[in-house]
Amino acid sequence: MPNLLAHELLSRRTAMLGWGIGLALFGAMYVAIYPQMADYLSVVNAIPIYQYMGISMGSLEGYLASAVVQFIPLILIIYAVIASTATLAGEEEDGTLELMVTMPLARWQIVAVKALALSVATLVILAIAGLGSAITLVIIKSLITTDITAFQLFITILSGWPLVMAFLMTGLFLAAWLPSRRAASMTLTILVLIAYFGKTMAISLPAIARVKFLFLFTHFDTSPQIFTRGIQPYGPLILLGVAAGFFALALLSFERRDISVGLWPWQRARRTPSIK
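Per the numbering used here, residue 1 is the first one in the sequence shown, and the count goes up by one each step.
Any given hint could be a false lead.
[Claimed, not checked] Quick list of simulated restraints, FRET-style, between CB atoms: (1) Leu123 <-> Ala38: 56 to 66 angstroms; (2) Phe71 <-> Ile135: 11 to 21 angstroms; (3) Trp108 <-> Ala38: 49 to 59 angstroms; (4) Ile190 <-> Phe71: 37 to 47 angstroms; (5) Ile190 <-> Phe151: 33 to 43 angstroms; (6) Ala6 <-> Gln36: 44 to 54 angstroms; (7) Trp108 <-> Arg182: 53 to 63 angstroms; (8) Thr228 <-> Arg13: 19 to 29 angstroms; (9) Asp147 <-> Met103: 50 to 60 angstroms.
Just so you know, the hints here were simulated from the structure itself, not pulled from any lab data. If you're wondering where the values come from, they're calculated on a predicted model, not measured in any experiment. Backbone N, C-alpha and C fix where the C-beta goes; we use that ideal spot for every residue, glycine too.
Please model the complete structure; the sequences and the hints are all you need to start from.
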């Protein structure tokens, strides 16, 4: 297992650096332009579409929560969709998964190693992104008045990791359950869109507000108060619980997967499992 884990992490080192630096520059850019934008944010805050989406730009806290804390994990979820569905189903299509299951490892160990590697990769990316934003905040602090510290901003950006993990493990499950990477990635993309826009619509539609807890983005705090009251554990625990649940489903699904056949779940039920 250690050798496979080292291989998985090394194979993702370019993605970790590339996505990490890219998101660090994204966050740094938004933090850096705040002193020039501060006078105009009250006007931006009055735009109906921002109010509809629950985005607050009236203060530095609201600006950072809406433009940095919210969007860095949201962009990272794109990587989660790509990376999680490229695992298992994608490797099966590439012809590398058959070779991997011949290793002296149980199938659950293969899934566990891949899940751990993906988890570490996304955490490293978020840490690099958070570091870039935090350093930029230190640089511009002489131009603004704020009680927000660089460490607070760094930790708040890291608070998006449970949300990324929830979608990451969902993608891993879909990659183990569905017959192809394309089917898994399309399904996960639809789930991400439903979760994001479902939370947005729940702000103004009472009928949807009743079930807003079903949308994962609801449990990710991007309100300005996150810098004053701190990160509340309830939301992250729910998201990590969802991630753990889908990880368990990924383990069960991969145990039943007939590798290289590419069957849909309902077709597997009529087929005698093969030993691989």
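Each hint tested on the structure:
1. Leu123 <-> Ala38: 56 to 66 angstroms: Distance hint for Leu123, Ala38 is violated at roughly 32 angstroms.
2. Phe71 <-> Ile135: 11 to 21 angstroms: holds (18 angstroms)
3. Trp108 <-> Ala38: 49 to 59 angstroms: holds (52 angstroms)
4. Ile190 <-> Phe71: 37 to 47 angstroms: violated (20 angstroms)
5. Ile190 <-> Phe151: 33 to 43 angstroms: Given range 33 to 43 angstroms: holds, Cβ gap about 37 angstroms.
6. Ala6 <-> Gln36: 44 to 54 angstroms: holds (45 angstroms)
7. Trp108 <-> Arg182: 53 to 63 angstroms: Because 25 angstroms falls outside the window, the suggested range is violated.
8. Thr228 <-> Arg13: 19 to 29 angstroms: violated (37 angstroms)
9. Asp147 <-> Met103: 50 to 60 angstroms: At 53 angstroms between Cβs, range holds.
Consistency with the previously given hints fails for numbers 1, 4, 7 and 8, ordered from lowest to highest.
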